[in-house]
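Novice: Residues per chain are reported as follows:
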Amino acid sequence: MNAKPAHHELSAKRLLCPMPVIKTQDKIKTLSPGDTLTVTCTDPGVLNDIPAWCRINGHQVLAKQENEDDIQIKILVC
Amino acid sequence: MTIQQKKAVSLISGGLDSMLATKVIMDQGIHVEGINFFTGFCVEGHTHAIRKNDKQKEKRNNALWVAEQLGIKLHIIDVIEEYKDVLLNPKHGYGQYMNPCLDCKIFMVNKAQAWAWMEENNFDFIITGEVMGQRPKSQRKATMPIIARESGSEDRLLRPLCAKHLPETLPEREGWVDRDKLYGFHGRNRKPQIALAEEFGFTDYAQPAGGCCFLTDESYSDKLVDLWKGRGTREYELDDIMLLKVGRHLRPAPNYKVIISREEGETNFLKGYRSEFLTMQTLPHTGPIAMIDGEPTQQDLKVAASLLARYGQGRHADNVEVELRAPDGSLSTLHVRPLKPDDVPKSWYI
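Residue numbers (the numbering used here), protein chains in the order written: chain C, 1 to 78; chain B, 79 to 428.
Any given hint might turn out to be false.
[Stated by the list, open to error] With a cut-off of at most 30 angstroms between alpha-carbon atoms, the simulated DSSO-like pairs for lysine-lysine come out as follows:
| hint | chain 1 | residue 1 | chain 2 | residue 2 |
| --- | --- | --- | --- | --- |
| 1 | C | 27 | B | 189 |
| 2 | C | 23 | C | 64 |
| 3 | C | 64 | B | 424 |
| 4 | B | 162 | B | 84 |
| 5 | B | 307 | C | 74 |
| 6 | B | 259 | B | 307 |
| 7 | B | 380 | B | 162 |
| 8 | B | 323 | C | 23 |
| 9 | C | 74 | C | 29 |
| 10 | B | 349 | C | 29 |
| 11 | B | 380 | B | 307 |
| 12 | B | 380 | B | 424 |
| 13 | C | 23 | C | 74 |
| 14 | B | 151 | C | 27 |
| 15 | C | 23 | B | 418 |
| 16 | C | 64 | B | 349 |
| 17 | B | 418 | C | 27 |
| 18 | C | 23 | B | 349 |
| 19 | B | 84 | C | 13 |
| 20 | B | 189 | C | 29 |
Simulated from the structure, these hints should not be mistaken for laboratory data.
Note that the structure is predicted; figures quoted are calculated from it, not measured.
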């Protein structure tokens with residue numbers, strides 16, 4: 001029986017692209033399909049780059065939230 | 079018995095050549111995935127991300143964008159630490175500036191190969207978008223066999239855009255790809271690539287004027303050499319080489335350097351380093367920020383403050399108040415007379 005999907009958090013604050021993408025990629029490698037990951041970043045470039053990385057690697061962006069000090073992207077691992 | 083589809087890994091820089099090379103091989107029925115290496119010196123988006131004046135420009139990672147256009151996976155690999163040895167000890171030397179292009183290409187093909195041959199990846203060959211005669215240091219007839227040999231990839235390295243100028247590789251000999259459908263591009267003329275892009279229906283692609291690496295930039299290379307000289311060591315961290323992309327860099331004396339932001343985005347970026355470096359800002363807090371790297375004396379700090387004031391709104395005033403912020407957050411102030419443009423020796427600019 002598969003384990004229950006888990007939610008994970010990743011901080012990529014102060015990192016400029018493509019480092020947040022690399023951190024996301026490396027984290028997702030350790031997760032299972034059905035898990036979710038919220039990445040917190042400060043470089044607005046992630047608004048394009050992380051969704052692009054998800055599209056080409058078959059994962060799904062569930063939400064993008066721009067806050068005053070950071071940006072959060074929630075991903076469903078597929 | 080089924081014939082297993084052959085697999086190639088393609089070095090994707092985000093430019094047109096690697097995009098074309100990948101498409102040429104995909105069209106021959108090969109499964110292709112992309113690989114991209116982040117050395118810390120990649121031009122990709124950083125300065126656009128930092129500078130507020132560039133906020134209107136579309137921010138995209140060209141390697142990711144190319145992969146998406148081609149419909150292939152892209153693996154981005156952080157090689158910042160390993161790349162230090164390539165930059166500091168290039169066996170084949172530097173190009174015009176601090177660019178170790180030949181060693182860099184050997185390194186990247188070797189890394190791609192190490193990744194590709196891993197059991198869980200199990201790729202058959204490597205492709206690059208190299209064009210013979212296009213780059214003076216790494217893409218020459220004499221250097222192409224060196225890359226194949228010293229990277230260890232030997233005849234599993236295929237350059238689809240100039241394959242007809244090179245000996246047959248394993249994928250060609252084995253019939254995995256048809257040599258007749260490869261190309262014989264040569265030299266710096268971009269017309270054949272542009273024509274092939276049209277043939278493939280590619281209307282949008284990156285054409286970086288200065289290449290994709292800051293090390294091919296004269297000003298950046300000067301700042302890097304100055305950093306090493308100023309510190310007395312060639313060790314560096316990612317933050318060091320990121321900071322070389324930001325602001326005006328001036329060295330009034332060997333023992334310290336001043337980085338002054340040129341616009342709001344750079345000011346905000348430098349503020350992120352306030353817990354590591356001494357910073358200065360004119361009062362009220364509306365002008366540029368200065369970051370001090372090194373071991374300045376009190377007199378040096380007065381010079382740095384006068385220099386900062388020269389770029390602030392109070393540059394024509396007789397007296398400007400400058401706030402100094404130490405890495406521990408403690409504050410002090412200095413009253414200085416802004417330097418006039420003629421007071422700043424050209425030799426200070428890095």
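Novice: Hint by hint, say whether it matches the structure.
Specialist: Results for each hint:
1. Restraint check for residue 27 of chain C and residue 189 of chain B: the C-alpha separation of about 21 angstroms stays at or below 30 angstroms, so the hint holds.
2. Taking the CA atoms of residue 23 of chain C and residue 64 of chain C, the gap is about 17 angstroms. The hint holds against a cut of 30 angstroms.
3. For a cut-off of 30 angstroms, the pair hint linking residue 64 of chain C to residue 424 of chain B is broken: about 47 angstroms separates their Cα positions.
4. Distance hint between residue 162 of chain B and residue 84 of chain B is unfulfilled; the C-alpha atoms sit about 34 angstroms from each other, more than 30 angstroms.
5. Annotation: proposed proximity of residue 307 of chain B to residue 74 of chain C is violated, straight-line Cα distance about 44 angstroms (limit 30 angstroms).
6. Pair hint residue 259 of chain B plus residue 307 of chain B does not hold up; C-alpha atoms about 51 angstroms apart against a cutoff of 30 angstroms.
7. Distance hint between residue 380 of chain B and residue 162 of chain B is unfulfilled; the C-alpha atoms sit about 36 angstroms from each other, more than 30 angstroms.
8. The straight-line distance between the Cα atoms of residue 323 of chain B and residue 23 of chain C is roughly 22 angstroms, inside the 30 angstroms bound, and the hint therefore holds.
9. The suggested pairing of residue 74 of chain C with residue 29 of chain C holds, with an alpha-carbon distance near 16 angstroms, which does not exceed 30 angstroms.
10. Simply put, residue 349 of chain B and residue 29 of chain C have alpha-carbon atoms about 33 angstroms apart, too far for the 30 angstroms limit, and the pair is violated.
11. This hinted pair checks out: residue 380 of chain B and residue 307 of chain B have alpha carbons roughly 23 angstroms apart, not beyond 30 angstroms.
12. The suggested pairing of residue 380 of chain B with residue 424 of chain B holds, with an alpha-carbon distance near 19 angstroms, which does not exceed 30 angstroms.
13. Of the supplied pair hints, the one linking residue 23 of chain C and residue 74 of chain C holds, its CA atoms being roughly 14 angstroms apart against a limit of 30 angstroms.
14. For the proposed pair residue 151 of chain B and residue 27 of chain C, the alpha carbon gap of about 17 angstroms is at most 30 angstroms, so the pair holds.
15. Restraint check for residue 23 of chain C and residue 418 of chain B: the C-alpha separation of about 46 angstroms exceeds 30 angstroms, so the hint is violated.
16. With a C-alpha separation of about 26 angstroms, the suggested pairing of residue 64 of chain C with residue 349 of chain B holds against the 30 angstroms cut-off.
17. With a CA separation close to 52 angstroms, the supplied pair residue 418 of chain B and residue 27 of chain C exceeds the 30 angstroms bound.
18. Straight-line distance between C-alpha atoms of residue 23 of chain C and residue 349 of chain B comes to about 24 angstroms, which keeps the hinted pair within the 30 angstroms bound.
19. Proximity of residue 84 of chain B to residue 13 of chain C is assessed by CA-CA distance (about 40 angstroms); at most 30 angstroms being required, the pair is judged violated.
20. Our distance criterion of 30 angstroms between C-alpha atoms is met by residue 189 of chain B and residue 29 of chain C, whose separation comes to about 19 angstroms.
The structure shown violates the earlier hints numbered 3, 4, 5, 6, 7, 10, 15, 17 and 19.
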